[in-house]
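Asker: Grab the two chains, each in its own frame, and use the hints to assemble them into the complex.
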Amino acid sequence: MESFIVDWRLSFDALSIFFGFVILLVAIPSWVYSIGYMQGLYSRGRIRFAKILFFFFILSMLLVVFSSNVLFFLIAWELMSLLSYFLVTLDSHEEKASRAGLIYILMTHVGTTFMTAAFLIIYSYSGSFDFIAFKETCLLLPSTIKTVVFLCFVVGFGTKAGLIPFHIWLPYAHPEAPSHISSVMSGAMIKIGVYGFIRFVLFILGVSELWWGNLILVLAIISSVGGILYALMEKDLKKMLAYSSIENIGLIMLGIGGYMVFIKMNQPLLAVFSLAAALYHTVNHAIFKTLLFMCSGAILKTCGTKNMEKLGGLIKLMPVTAFCFLIGALSISAMPPLNGFMSEWLILQTLFSGALAGATFPKMKIFLALLTGLLALTGGLAAACFVKAFGISFLAGTRSKKTETANDSGWTMKAPMIFLTGLIFIFGIFAAPVFKVLIDTVSSVSGLNSGGAAFTFNVMSLAPRNNSTMSLNSLLLFGILVITEVTIFAVVKIITKKRTVTCAHTWACGYYRTTERNQYTSTGFSKPFRVAFSFILMPSRKLEKIRDSHYHVKAFKYEVHTKQFLNEYFYKPVIKRLFRFAEWSRKLQQGSVHIYIGYIFLAIVFLIVFLKRF
Amino acid sequence: MKITVIILQAVLLIAASPFISGFIKKLKNHIRMRKGAPLLQPYHNIVKLFGKDETISKDSSYIFRIAPYVLITTAVAAALLSPSFFPSFQISGTGDIFVIIFIFALGRFFTALAGLDTGSTFGGMGSSREMFISALAEPAFLVSVFAASLAAGNTGISSLLPGGVFKISLVCSGLAFYLVLLAETARVPVDNQETHLELTMIHEAMILEYSGKSLALIELAGHIKQLVLLSLLVYIFIPVGSGTGFYIIKIVAVAAVTAIIEVALAKMRLFRVVDYLIFSFVLSLAAVTAFIMGV
Numbered sequence: 001m002e003s004f005i006v007d008w009r010l011s012f013d014a015l016s017i018f019f020g021f022v023i024l025l026v027a028i029p030s031w032v033y034s035i036g037y038m039q040g041l042y043s044r045g046r047i048r049f050a051k052i053l054f055f056f057f058i059l060s061m062l063l064v065v066f067s068s069n070v071l072f073f074l075i076a077w078e079l080m081s082l083l084s085y086f087l088v089t090l091d092s093h094e095e096k097a098s099r100a101g102l103i104y105i106l107m108t109h110v111g112t113t114f115m116t117a118a119f120l121i122i123y124s125y126s127g128s129f130d131f132i133a134f135k136e137t138c139l140l141l142p143s144t145i146k147t148v149v150f151l152c153f154v155v156g157f158g159t160k161a162g163l164i165p166f167h168i169w170l171p172y173a174h175p176e177a178p179s180h181i182s183s184v185m186s187g188a189m190i191k192i193g194v195y196g197f198i199r200f201v202l203f204i205l206g207v208s209e210l211w212w213g214n215l216i217l218v219l220a221i222i223s224s225v226g227g228i229l230y231a232l233m234e235k236d237l238k239k240m241l242a243y244s245s246i247e248n249i250g251l252i253m254l255g256i257g258g259y260m261v262f263i264k265m266n267q268p269l270l271a272v273f274s275l276a277a278a279l280y281h282t283v284n285h286a287i288f289k290t291l292l293f294m295c296s297g298a299i300l301k302t303c304g305t306k307n308m309e310k311l312g313g314l315i316k317l318m319p320v321t322a323f324c325f326l327i328g329a330l331s332i333s334a335m336p337p338l339n340g341f342m343s344e345w346l347i348l349q350t351l352f353s354g355a356l357a358g359a360t361f362p363k364m365k366i367f368l369a370l371l372t373g374l375l376a377l378t379g380g381l382a383a384a385c386f387v388k389a390f391g392i393s394f395l396a397g398t399r400s401k402k403t404e405t406a407n408d409s410g411w412t413m414k415a416p417m418i419f420l421t422g423l424i425f426i427f428g429i430f431a432a433p434v435f436k437v438l439i440d441t442v443s444s445v446s447g448l449n450s451g452g453a454a455f456t457f458n459v460m461s462l463a464p465r466n467n468s469t470m471s472l473n474s475l476l477l478f479g480i481l482v483i484t485e486v487t488i489f490a491v492v493k494i495i496t497k498k499r500t501v502t503c504a505h506t507w508a509c510g511y512y513r514t515t516e517r518n519q520y521t522s523t524g525f526s527k528p529f530r531v532a533f534s535f536i537l538m539p540s541r542k543l544e545k546i547r548d549s550h551y552h553v554k555a556f557k558y559e560v561h562t563k564q565f566l567n568e569y570f571y572k573p574v575i576k577r578l579f580r581f582a583e584w585s586r587k588l589q590q591g592s593v594h595i596y597i598g599y600i601f602l603a604i605v606f607l608i609v610f611l612k613r614f
Numbered sequence: 001m002k003i004t005v006i007i008l009q010a011v012l013l014i015a016a017s018p019f020i021s022g023f024i025k026k027l028k029n030h031i032r033m034r035k036g037a038p039l040l041q042p043y044h045n046i047v048k049l050f051g052k053d054e055t056i057s058k059d060s061s062y063i064f065r066i067a068p069y070v071l072i073t074t075a076v077a078a079a080l081l082s083p084s085f086f087p088s089f090q091i092s093g094t095g096d097i098f099v100i101i102f103i104f105a106l107g108r109f110f111t112a113l114a115g116l117d118t119g120s121t122f123g124g125m126g127s128s129r130e131m132f133i134s135a136l137a138e139p140a141f142l143v144s145v146f147a148a149s150l151a152a153g154n155t156g157i158s159s160l161l162p163g164g165v166f167k168i169s170l171v172c173s174g175l176a177f178y179l180v181l182l183a184e185t186a187r188v189p190v191d192n193q194e195t196h197l198e199l200t201m202i203h204e205a206m207i208l209e210y211s212g213k214s215l216a217l218i219e220l221a222g223h224i225k226q227l228v229l230l231s232l233l234v235y236i237f238i239p240v241g242s243g244t245g246f247y248i249i250k251i252v253a254v255a256a257v258t259a260i261i262e263v264a265l266a267k268m269r270l271f272r273v274v275d276y277l278i279f280s281f282v283l284s285l286a287a288v289t290a291f292i293m294g295v
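For the record, the sequence lines run as chains A and B. Everything in the first sequence is counted per the working numbering, starting at 1 for the first residue and increasing by one. Everything in the second sequence is counted per the working numbering, starting at 1 for the first residue and increasing by one.
In short, the hints are calculated from the structure, not lab data. Hints may contain errors.
Said to hold, decoys possible - Heads up, incomplete: computed chain A residues facing chain B, CB under 8 Å, no partners named:
| hint | residue |
| --- | --- |
| 1 | S333 |
| 2 | L348 |
| 3 | L381 |
| 4 | P528 |
| 5 | Y571 |
| 6 | I575 |
Claimed, not checked - Okay, the calculated bits of chain A under chain B, using three or more residues with CB under 8 Å as the criterion:
| hint | segment |
| --- | --- |
| 7 | 366-380 |
| 8 | 480-486 |
Glycine residues also receive a C-beta, built at the ideal position from the N, C-alpha and C atoms.
Bound conformation, chain B alone (with noise of 0.2 Å):
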């Protein structure tokens, strides 16, 4: 019973997630005063690329082949950990939060290889600034995710759940979080998901030489976890109401907000992203000042 609800709500999740970032896009496209795109396109784009032939590099081995599996399998193994549609049921027995952090970095790392894996010079640019943006962003995730777990008590996923009151600590810590979820979701005021201009994309030209079904794996598995980590955010670091029906509502909202950022800022200088994730690491160390504080 416990296992078929876990499965359920990953398949859920996983068949969410591609309506998240649909609905940042219609949103974007309506604060420019465009139509844009329909809801449903990145389905039909899943399925449109799942229906074409594959090309793929003479140079790259089997690290290009099997990196889209390796990243769609972290990207659902997290769904699989952490929290969504029906937070009360988890797995027992796999971790942490910290665990899922982990389980990410693993798609990361096989994604970076695969970018240098064909030779171009777009891949292995794509791979040195993933892996410079995430090692940078990696102690912010960490300890905003800590100063949460302080006032839980546990970095145990059940035990963050249940979230507390609004609390400068709390704010402070999600906000850090949000600002990481930007840079590792691809988002604007680091990276751009919509642009291909060569010296600009840091995510997109890591996969650029994809194509056919690993491309539609390597979208989903960047849609699954857009929606794992906003799930984390509002479970964690915003304890208002509970139940499924707060959950869609509070992701909407973010989701909405994300939109809004993204129309509104431009995006950064590569070196200028040092300075806002130092920014984001010094704000959740304030966090933890805070919570000791006790406020």
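Next up, chain A with everything else stripped away, as it sits in the complex (with noise of 0.2 Å):
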């Protein structure tokens, strides 16, 4: 029982320092942004209460991606999941939100369970909860082992990450949490599940096949499209955000996937690019997604609502908070040259590389072909959804009274989201240098030799196959863009001198005016992608006339609800199944001393045949 002793030594390497990094990049602005956000809401005891809190969860998500040693990292990232369930539940006089907090601390179990007995088995193996022995027995253990293994890894870091099917807590857990918890939460700690499988399952496990990585994509894609097609259907900003992490944690592990794969295919270059293309993705989601949740918070607290239905002309009201959110809708929406597009189109290279490079694998070219085809959805559906977003919550006319008075918050909440758009141009245009550190990173993690300098033309190009002449200078894109734009600005400017600008009210078909009850809605827009996808959405509606007579309908009720797939045919079910057992086992509990005796007999009696037996 020796090695049950807990080594608490730090460990730092690349990898540790990478996701270190991401942490405090969402931590540090989170935590200016929280001293305005909970000023106000909460009682100055709940505030300092929720700030120890947040202080403690910070440091339990570093332990967890510094630690070296399993006990460590299992006790560490326990305390992660508490503490993230006490600051869910921060408005615990809400039911939703303690509902919210239980499915959360559920689910997160399921996982660590599976995480636990995976740790366990190699542990049986090896005698020893340090890493290193870890991977040194992995390399002994016997495939179906190593396959057993995976699966739980699978299970229980994908919990934790959001992966579709493990995703139920999260479109719960982050729209019920305070805004700058929900942004650490979305930023930060499902990263931590991206940490554990990349250090676990690709560095100590080590992939040995392929069609591992083949269920990793497989579950990526479906996490990808299925997370924002769910997004689309919100009209919650902050639900629809938590869908939205789901698709971007698939697109993160349509890069590790890829890495997977890539091993397998002998392809150690292309594995190193995929995997740094997914790190490249994992900060730019930590970055703006927090900046979202950054605005949404914003919007929440001033307008008192996050459904989009009742907001609309916030950019006249809040026009910081407008912007920044249009800036982090826009580099979502993988729109050059902000970031979001860096990384999307690295995946992208990545799998028409790997469509390229596998001569042997003729399969595998149709599945990375289906699976570009798959991504660009994903791309075109994410760009719907902001748009629909960023147009119904801050566009065109307000549509409730509460939000006419609507303002910008206060600097210490500008402060840090202004901070992160920054970081949204930096990382978009200063793409090349940053991509050669993430892959100097994998490559020292990896201990696969391939150098920065692979994929880098010059100091500010990427080029993504190194025998060609095909590069991306952001920059330089960034560059064309605005002199462009500047240009025809000036030119329309000198040939319009004369012209005037006349505001007056949209058009209403001849009619006075249109008011607000005219704009579009979140629901009606998103309404076509519900007819074409009723398939997954199953969408069902009701409608329901109020008559004064026959011939004059006073009021019209529309309601209209969407299905979880999985929720509907399998957590249900399962659930159902497991009280409808727990019903059935009540009947062992009588209440009747007689029979209880007669359990402890029964008992006796078979701990005796069994010791006797073995």
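Answerer: Below, the structure is given as structure tokens:
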């Protein structure tokens, strides 16, 4: 039992430092933001309590990534889960928040169970909890055991990361948590799942079969498309962002799955490239998702609602928040030359290079082409989703009374948002240097020698295939866009110098004028998608006409619901069975002392037989 | 020197782009036994619009005002990056054909926002439908290019250019690309540029509130986008002949086919477009399969 003594030493390798950086990148702005955000929403004691919890939450995440012993890792992991549970339920007076917390804590423990199982299986072979001992043992594990361990890790870390089909806690927990907590959870905590996956599956367990990578690729693309589809259906701003996190985790896992596949296809250079693209998307997602959650938090604070259908016209009332949200939305929809575009482009290049390289894997080419198509679909849906989110919440006229008095929040909230907006530009324009660092990170951790120089043409250019002339210099791209814009603006200004601009009402087909009730709604915007993807979304609608007489309809009620495929067909039946089993097992508890004595007797008989037998 | 030629090429493309639209319109009218507007009508329209005052909605914000500029910028930037009259002159270091597709997406993002900005139902409807169609068109768009790039061995534009011989894979991917092109340029089976009937318009609904110079910019951007996509089509998927002369002939030929399609077909119901675009996507996947089989 000597090895159960926890080794508290920390280790700082390139991968841990990278994830530590991501955590701090999210945590520090969120900390500043929380000062302004919590003021007025909570009592002073609660604010102090939340601040302490927040501090330890960040600390526990850092301990997870810097631990070098599995027991230490598990303790820190559990601490992280519990602390975040308390932060999710900070609004515990609301029933929704406590329910969300319950789902979260249940799901996260399902994940931890699988993780622990995997650790114990490896431990039974290694006899030590050290990472290095684990790694050495994993080389000698029989392949069936390896597969079992791999699947346990997929469930364990997939749950934390929010990969479909283990995602169900995410759309509950993230929207109900206070906004600065949502941004840390979405920006950093789900990335810890990704970290665990990279650390344990890629570098400790090692990739031993091609289908592992294929499985991850399939789960990743399902997460991407599914996540963004549900996001598109959502009218709750924060819930929409939570679903979009699932999509982005899918994109990150696409890069990781790419690594696993390329290792087995004997393309180490490509594997390094793929994993670096995944890490790049990780940091990018951390930046823009934190920003978007902060913006929605600012809206929630000043308007009292996060329902898009009740917002509108906020661009005039809160210009700073609107601008930050716009940049975040552009970046998350992969618009050039922002950072989201750069990483999505790199993931695309990964898939293409994989299809190009695998001469001996013809089926892989078709698979990768299909993935490319679905990735493109994800991009298109993401653009639609964020056009909707920005357009409905920020543009046109206000839709409710409360929104009319909205205003930009104080500097403690604005400053971190502006900071992150700046980072979006910086990480987009200086993509090549950043990517080079990531390539070096991956090659030092994986031991696959590639060198960052292979993928960068010069300091500012990315060259995804080192044998070709194609390269992307995002500064040049940015420059071209800006110069073109300025030139066109100047030309138009000169030729239309004498023309005037008048303001008038929106054309209302000859009627007096339009009101905010004529504006397109979020539900209306997503209707075509709901119809086209009805086989997944399973929408059901309810129409109700309240009539004065046969001819005159006084009021009209319209409801539309979409169903969660997995909830309906997997989680609900499972939960139902569990409850039924619990009901059934209640019969054992009769309350009569005689029967209990009988149980004890039976147990003793059983034990005696058992001991004799073995 | 190189920069001058590239800029000259883009300017030529911008200058020629309204002509293609005018040509398609004229040819359509010829087929319908009508006289039709003069070939140069699109130029007259743009000049006329630049000469008019502008009216904008009170409800709108700066998004509405900058959207036309963003749209035209993306179109011009795409014109700068794509091959046209002098294909051997390329800006190096601006990535590949995927980048051009993403640049178009940027323009569309802002137009769709502008559609929502005025608070008119038409605008919202147009934005919603435009994003819907483009989201579904994206897979076919990317995978058809993917297939062609697989054959070329790279996604860089200059390596895509030399083309090859006609193969089944190239025909499939070219057809898929062309179907997407029709959807992206608001052509008939998907959308109809000529109609302003409230419930059927898609692209036109989105820009309904625009007038004056903003509308001129949007129209010009539409023409440029069309010619850029046509150029990509003829360079990547129709590897017949080379040189500027052949380029012009091929563009005119494809434009003529487009005109015939517009006359011969009716606009589809919105939800039939899904099938149309899925067909295009399947076609592009078939192209990849055909490439792997070596045909």
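Asker: State for each hint whether it applies.
Answerer: Verification of the supplied hints:
1. Hint status for S333/A: holds, given a least beta-carbon distance of 6 Å to chain B, under 8 Å.
2. Here the hint on L348/A is kept, as its CB sits about 6 Å from the closest CB of chain B, short of 8 Å.
3. With a cut of 8 Å, the hint placing L381/A at the interface with chain B holds, because the nearest CB-to-CB distance is about 5 Å.
4. Taking 8 Å as the C-beta cut-off, the interface hint given for P528/A holds, the closest approach to chain B being about 4 Å.
5. Hint on Y571/A is violated. Least Cβ distance to chain B is approximately 28 Å, over the 8 Å limit.
6. For I575/A, the suggested interface contact is broken, since its CB lies about 34 Å from the closest CB of chain B, more than 8 Å.
7. Remark: the segment 366-380 of chain A is confirmed as covered by chain B, as 11 of its residues place a Cβ nearer than 8 Å to a Cβ of that chain, reaching the required three.
8. With 4 residues bearing a CB less than 8 Å from a CB of chain B, the segment 480-486 of chain A meets the requirement of three and the coverage assertion stands.
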